[in-house]
Each structure stands twice: as structure tokens, then as C-alpha cells.
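Q: Quick mapping for you: the protein sequence lines, in order, are chains A and B.
Per our numbering, residue 1 is the first one in the first sequence, and the count goes up by one each step.
Per our numbering, residue 1 is the first one in the second sequence, and the count goes up by one each step.
It is worth saying that the hints were derived from the structure and are not from the lab.
Be aware that one or more of the hints could be misleading.
[Unchecked claim] Stretch-level coverage of chain A by chain B, calculated; a stretch enters the list once three of its residues show a Cβ under 8 angstroms from a Cβ in chain B: (1) 153-160; (2) 166-180; (3) 233-243.
Don't be surprised by glycine CBs; every beta carbon is placed ideally from N, CA and C.
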Amino acid sequence: MISAILHSIVLFAYLTAAVLYGANLALKDPKRLIQARYVYLTGFALHTLAIGHFCVTYHQSPFSSAFGSLSVSAWAMVLLFIPIDYFYKLPALGSILMPLSSAFIFGAILRSDEAIRQNPEIQEHFINLHIMLVLFSFALFALAACCAICYLWQYRLLKRPNRKAMFLRLPPLEKLDSMALHLIAFAMPLLTLGLAFGVIKALSGGLKGDWIWDPHTIISFLVWVLYGSYLLLRNFTGFRGPKSHILLVVGLFVSLTLFMIPSGSHHFR
Amino acid sequence: MSFPENRLPEALSVLSRHPSISECAILSTCNRTEIIALSPQSDFLEDHLICFLSEFHNIQPDIFRSHLYFHTGSIAVSHLFSVAAGLDSMVLGEPQILKQVRDSFAAALSAQSIGRVLNGLFRSAITAGKRARTETQIGAGGFSVGHAAVELAQSIFGSLNNASILILGAGKMSELTANHLISSGAKLIFVANRTHERAVSLAEKLGGKAIRYDDFPEKLLSADIVISSTSSPHFILRKDGLAQMMRKRRGKPVFMIDIALPRDIEPEAGNIENLFLYDIDDLEEIVSDMVHGREFEVQKVERIIEEEVIKFMNWWRSLNAAPIVSQLQRKHNRLKEEELARLRRQLPDLSEHSWECIESAMKSLTTKITRDPIGRLKEAASADETSKQYTLLDAAQEIFALPEENDSFDTHSQSCANTSEDVES
């Protein structure tokens, strides 16, 4: 109950930050940017507290419920956004990432009443590491997709015949492109390692026999193939420009289905 | 009517020697001349300044009198702050004026023609100018086609430090645009022209390298920015050729500026992925949009100016209390010292430590006694109600039996005046 209340406050903070980031983008007002940072950092601190409270109250890993998994995903996105916001000066990403994190928190709140799986195996460090690696790689994919959305927007502004000075408010194309590439390059090893841990556990008898055809397994593999193809094409054929960024946005939508489609046999025994 | 840099010290020296002027500075740019002066009597200041301008430039006053404007008090202060913020510039928000205000301040400082008040005034003007540019978008974007090209290049590549520029045609416009890009960090410059000697000459000017005109298609494969302004009567770069080039570049973006008339680059080439093609009309449209966008910022800048004017005027008025406050402090310190001396004579056996304690207690006592009256006096002095501040300052002088001082700041009779003249450059 307290977790749900704390998450509601976090949701409010992230939504407020989203509005402030949007206002900064529209008005180029540095005051809004500073306010957005204070608000989302406060929200993030509360978010950390809320996840901690959940673990302490239920003596369970946050991944033992959909509520916890969604919350940790949003938390990972914001956590990874902090260094990007501060060191790489890409506040425009905040106006896309904050609504996305808010959507995850909202989803978490909606599912806060669902039962917590009392599964001892979910408490295993090995399984937790598997989930953590996958979720963090997905958070990095989400950030890359935010860069891609900004890129596509900026590309359109720079290309359309009725050129206006709006392009001044968005980050440079090459900076966004390079950031997206680096995020994917960081995320792929994490995802590969996370999936490898899952496969090892499944092969050692952790999952039922039909785990290969489980929607979560298929989606994870699809995401791996999609982003792996992006990296390969980028390095060997110079795959860049708007098409490559559309692929990154598609990748995000494919990743999101993982949270929407229920798993058939993806329950550890 | 402008004051050349080499004659500015002389002008400041002449002006500051005038008996009716206690502090002065001159802001002289290509399209404005402003004299900022502090005077104990404002009545004849305007005539004095006109006389100075007339004598210094050897021009009859009647010739320029109608072009002058004269502000006093807070209006003069507000005007200087507007100038520093770029609100009074021909191109709204242009950045050069803030540097010129700084230079004018530095010149007055070095000529020792300004004192405490104008020093504070210029510092506040610079603060207002800086705030206008950092807290609003008044200085955002470009001010010319060259600026627009830089903004576009930066929106594509970010930093231009590693960007390479290929210039096709050694015309004046290419040179101007390239200069803007170079001043933003671009270092690798290649120039190609049908007449190779002209390419060599421009390359030398820009610190780049001249290449043979026939070699430019090869250079296109690595260039980030292409500026084309040849006098060719037909397209020198066609869509098909550029599409092939982009394939060879493996999608690496290229920014092309076609400033030639007739055009050098086939307009349809702008549809090629990762090729950003702009002509002179596009750049002019962007500049006009930037200027239009800045007009929305004027209100915000005016609010900043208003805040800074209030702050400055309060500080300026508070200087009225300074002589009385210092007299009051001196009087209480003197009384404290006299009492301590008397006590030392009456109690010779007390230890040094005891005296330290007594001294500290008396110091604390005098500070506490004077704290409230000094606070009230400063408050009254900075208030905008002249009658109130004089009643209280006069009363304080009477109550504490303070002697009258001749060198007191007297804003009532002082005038911070600003005579300006707009002269087309």
C-alpha cells in the first residue's frame, strides 16, 4: 500500500519533470531545465526508497511481481539518464524519457494489487542477475530510442522545405546518432549476458521443456537479433541516417511487448 | 560624432575636468555615441554636454542638436541597461554591444573618469546584459546568412572542430560564409576554382589548401561542409552524381550551401538521405525566423532590466545614508574608547584578560545599539520617497548631534545623465 502511494508521488514527479522538460524545449528557458532536474531527481530518490520499501516489506526480490519489474525498469531508465543529462548535455531526451518512465510507473501502479509470486527461485541471485541484466539493457534501448526520436524530429526539421529556426532547440544530429550507437553498444553485451544466464538456468532444468517457445524468450531473442543487426549493419555497411533510427524506435516497441504479453512457461521452478 | 578609440582618453579627460561633471564615461560605436555623466547639478548639464560635443568635434550645435536625446535619473539608468541588453541595437539582441559597453567601462576606468556611482552603474549594466542573454533567447540564433550557416552546421555536426570544408568557387560570399565556419572551429579548408590562382589566393587567406578544380569530386567524398558559389551557367552537382557520392560516403552526412546564382547544385539533390542542401533563400528565411523569434523575448528582457534598475537605484540612494552611518559609527566608537580609557584609569589592577572581556562586551554593546538605527537609515535612504529619507536622515543628524559633512552624496542634487546620439555608420 505504502509502495503504491510512494509510486503515485514518483509518477507525479516524473510527469511534472516531463512537462518542465517540454517547456524548456518549447521556450528554451534554462529555469525550467533546472526545475525539471530538481523534480526528477527528487522523484528518483523517492523511487529508490519505494523499491527498497517493497523489498523490505515483502522480503522478496522486486522481480517477484509485475509491479516490481515495471518499477525497476522505469528506475533503471531514469538512473541511466542522469549521467547522460549531466555529462552529455542532452536535456531534450528528458522530454521523451520522462513520459516513458511515467508510463512504466503508471503500469506498475495499475498492477500493484496483483499477487506476488512466492517463488523461492526468483530469490536466487543467478535469476535476479539474469532479470537485472535484461532490464538494464532494455533501459539502455529505451534511452537509445529517445535519442532516435529526437534524431528523427531534428532530421525532419532540417530537411523540410519550410525551414524554421526550431532546429536550434534540439541537439545536433551527429551527437544524437553517436549517443544512440554507444547506448546500443553498451546494451548488447548486457542483453547477451542476461540471456545467456537465462539459457544456462533453463538448460539446467530451471524451466519447463517448452521455454524456447515462450513469448518472453522469443521477444527477447527478437530484440537481440534486431539490435545486433543494427550494430552489424552500422559497422559493416555504414547503416545510418533516419532508417537506422526508425529501427531503434521499432526495437523499443518490440521490447515493450515483453511487458504486455504474459509469459506461458517463463516461471522458474 | 563618434569618438575613435585613440581619442577616447582625451575626450574623457576634457569632459571630467568640467566643473559640473563629477564622473563620466563615453560609449562610442559605429552607430551610437552616448555620454554617461554624473553631475551635482542637472540644470545646465544638457547644455554643457552639447557644448562639449560641439567643441570636441568642431561642429556647430545646431547641426546635431535635433538628433540628441537626454535622459536623467532612473530613465537614464534604464536606457543604459537596455543598450547593454541589445534592446536598443539595430539588430535586436546582437552580442557585440555588451562587449562595447565593457570596453567603454574599461576606458573610463583607465582614464580615471568614473567613481563609485558610475562604477556601480556599469557593473549593473553588464549584469543586466549578461542576464538578458543567459536567461532569455534575445541573443539566440544568428544575425546574418553566415551565422545561419554556422547554426545549421552545428545542428548537424555539433562541434565543427573536426569538420572539413570544401569551397567551390572563390567568390566573396564563399569567403564570408567560410569565415563564419572557421571562427566556429572548422580547420580543414579546401578551395577549388576554375582559375587555380584564385583558389590559391583564397586558400591562403583562409588558412586552407587549394586543390585543382578537376579533383573536387574526390574531395566531396570526405568533406562535411560544401560551399558552392561558382559562376557556372548550369548545375555542377546533379542529383544522380550526388546520390552515388552518398553511397560511397556510406551515409556520412554532408551539409551543402549553394549560394550561386544560377544554382550550382540541382535542388532535387536535397531529397537524398543525409544530404542537407540549402540555398541563399533558405538561409535568409532562417535568419528572418531567428530575428522574429527574438521579438518574443523583449518583454522578458524588459523585466530583467526593470529588476536591475530597481536594484541599482536602491543601492544608489542608499549611498545617501553612508556619511551619516559612518559618522554615527565613528561617534559611538569614540565614546567607547573614551569610556574604556576612563575605566583603565579607575581600575589599574585588572588583568589583561579582564580588559579583553570588557572591550569585547563594549564593542558588542555599541554594535547592538547602532544596528537598528543604521538599518532604518539605510532602509529610508534606499526608499523611493525622497521626503521620507530626508526627514529621517536629518532627524538622525539632529538626534545624534552629528556634524554636517560637505562631501556627502546627495542624490537629490545629483543627476546620472545620459546624452546619446544616433549616427548612421
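Q: Each hint needs a verdict: does it hold in this structure or not?
A: Hints, verified against the model:
no. : hint    : in the structure
1   : 153-160 : holds (count 3)
2   : 166-180 : holds (count 8)
3   : 233-243 : holds (count 7)
Every hint from the earlier list agrees with this structure, and none is contradicted.
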